[in-house]
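Letter by letter, the chains look like this.
Protein chains: 6
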Amino acid sequence: MSQKVAVYRHEHFNAAHRLYNPAWSMEQNDAVFGKCNNPSFHGHNYELVVKVIGVPDPETGYVLDLKWLSDLIKREVHTRFDHKNLNLDTSEFQQLNPTAENIAIVIYNLLRPHIDADKDLQVRLYETPRNFVEYPV
Amino acid sequence: MSQKVAVYRHEHFNAAHRLYNPAWSMEQNDAVFGKCNNPSFHGHNYELVVKVIGVPDPETGYVLDLKWLSDLIKREVHTRFDHKNLNLDTSEFQQLNPTAENIAIVIYNLLRPHIDADKDLQVRLYETPRNFVEYPV
Amino acid sequence: MSQKVAVYRHEHFNAAHRLYNPAWSMEQNDAVFGKCNNPSFHGHNYELVVKVIGVPDPETGYVLDLKWLSDLIKREVHTRFDHKNLNLDTSEFQQLNPTAENIAIVIYNLLRPHIDADKDLQVRLYETPRNFVEYPV
Amino acid sequence: MSQKVAVYRHEHFNAAHRLYNPAWSMEQNDAVFGKCNNPSFHGHNYELVVKVIGVPDPETGYVLDLKWLSDLIKREVHTRFDHKNLNLDTSEFQQLNPTAENIAIVIYNLLRPHIDADKDLQVRLYETPRNFVEYPV
Amino acid sequence: MSQKVAVYRHEHFNAAHRLYNPAWSMEQNDAVFGKCNNPSFHGHNYELVVKVIGVPDPETGYVLDLKWLSDLIKREVHTRFDHKNLNLDTSEFQQLNPTAENIAIVIYNLLRPHIDADKDLQVRLYETPRNFVEYPV
Amino acid sequence: MSQKVAVYRHEHFNAAHRLYNPAWSMEQNDAVFGKCNNPSFHGHNYELVVKVIGVPDPETGYVLDLKWLSDLIKREVHTRFDHKNLNLDTSEFQQLNPTAENIAIVIYNLLRPHIDADKDLQVRLYETPRNFVEYPV
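Chains as they are written, first to last, in this note's numbering: chain S, 1 to 137; chain E, 1 to 137; chain H, 1 to 137; chain R, 1 to 137; chain W, 1 to 137; chain Z, 1 to 137.
One copy or any two copies: either way a pair holds, since identical chains are not told apart in the list.
Computed list of lysine-lysine pairs in DSS-like fashion (alpha-carbon distance at most 30 Å, straight line):
#	residue 1	residue 2
1	119	67
2	74	51
3	4	35
4	119	74
5	119	35
6	35	67
7	74	4
8	119	4
9	51	4
If you are wondering where the hints come from, they were derived from the structure by calculation, not from laboratory data.
With the sequences and hints as input, model every part of the structure.
Here it is in structure tokens:
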């Protein structure tokens, strides 16, 4: 067995979004995205759980400092997305439908360069308490 | 002691909103409402807990049928507000700032006519797991 | 303002039950109780929150010892109802429909004699995370 | 790294059950299953989390539509088991002890034919907030 | 019915404590406080819910700004008690046993001067998810 | 696909601790561990989830008896760590910094000898609802 340990940090942000494919008609978007295609937007309290896997440092007993991870998430994710309209206010979702799947991939890509290459990273995103996603798997 | 019992039903809806006072300047709105004044809107998973107080019917043991209460909430609240922009898509918040306080009062007023007059009604609304309100008190 | 403080203890038990009125026809019971009238029973994880209000003892800083309250609940409630069929296995619900309202009243009556008369007692019972009741009010 | 994403949907149902092995004596069943062998049954609020792993559709950004998954769970699981006695009212547990492990395997087998073969499926079932199982692993 | 609304803010802090009465013998303290009398201390994640009741301001729709309330709690409570030993590191519990009851009263008294006199204040403190208190009642 | 199933049991304990490296100066410890280096200690409600993977016994339908697992955790973990100061009262953390990572590894090593060798074991430990770890991965 490896001595690798996974550490997790739970953060959150609130945002508005609309799900639709601009290449489709309104009817096709309604058929696929239903109420999520409301052109006036709707919104969520996104709950974000970031997981990092690594070997604890023998001097500290930490895989990494979760305070540092919390600050990283605040800087890279919270500043970008909290109290924002994902479709209108962000560069990341100008061309990308802000489904939970795509938001999780975007958040992973924002955080990955800041985590040491010998550590694994995974993102879990709750769009609601009943709908959530995980990336990568 | 009275034989009155309180019964509660928990439902939820997702919506976008923006907090601002149209009589104020953008600067004044930013100073008071901060990020909540984003003109592109942001959003929440609203969790709604409806409380009804009454004497259980001796034949059923129910204060009221919680399935009926759940259907009432779906019809009066969910249909109006779920996956909506509270500022743009609803008549209730055309002139009223959609703070959690005001949303709770509006929901109370929507439900009150449908609950027997001899029963008390109270609404608790979670805007986030950390911010919530209750009306009346 | 009084120096009264409320203290709460959260416990749980699992039980089966069926809701029906033996004076009614099967059709009438189905109309009122729906799936809860299944003659083979269904069940719940009941979550129980017991609240006691009193003045903290100046020598201990306790309204009462919550370990003692936990033991009382185990003895009076858990032993009677946990992993039981409320309709078949208990004396309390031989003549009484085991709705959440009635279960809460029964639990209150079981606990009340064991709590000092100068302290108030209230019971909250979750039948599910979405349906719960409180007695007295 | 693959672009696979896991999506989850949380549903629930309430049921009664009894754990026992009909090939054993009452004493042996009591020794192994304890209070869970109550012949009058007991019950639970089962919380069910269904996980599907796949590559998001580039046109929708969805691994699959979670509304569709929710409807599938309601049709295949909720209709069969909600407000039922698993031992008496279902064909699945006529010969099979309704432990959480076996219920999870049964639910997996009910859902698997309806999920595309190139997607992975996993079921997590909470019998109580403190006891839960996952299948497959 | 009044137009008063209750607003709530949820915060948290972590601390160590020991429960004992210095006027008593070790045996008497063990008899009353059990494991909580460990002279080396033990600790908790305290979850704090602060409730303020008032009439929403007609210009803002706020009873008060929950961001302001959150900052107040951080300044008055978090700075004093987070990651502290309540018995050793604080002036408030030099002479006062840090039971949940007494901690709630102390927190109420710290916050009360900062809340307008026409508003009511109540504090709920979770010592664990299973043991919690409320003051005043 | 294998017929292996994962079963989980959720328990909890409360403890005090201090994070520091005795080979370092107070300044270096403050720089790395911040408030967690308080020499008077602070504390947490640790929530512990133990996962065991195995093939259900065909006679019982159990991977193992979760009541047995609960008793094992109480005996090996709760007795050692509940209402204790991890630094002062335990032999395990005399030389080992009681970070969540190290506590999880220690708990794994305490439980592993008691679980059949053909079963896998994993420990998840919540130091707070927002910070948690898992071992092994």
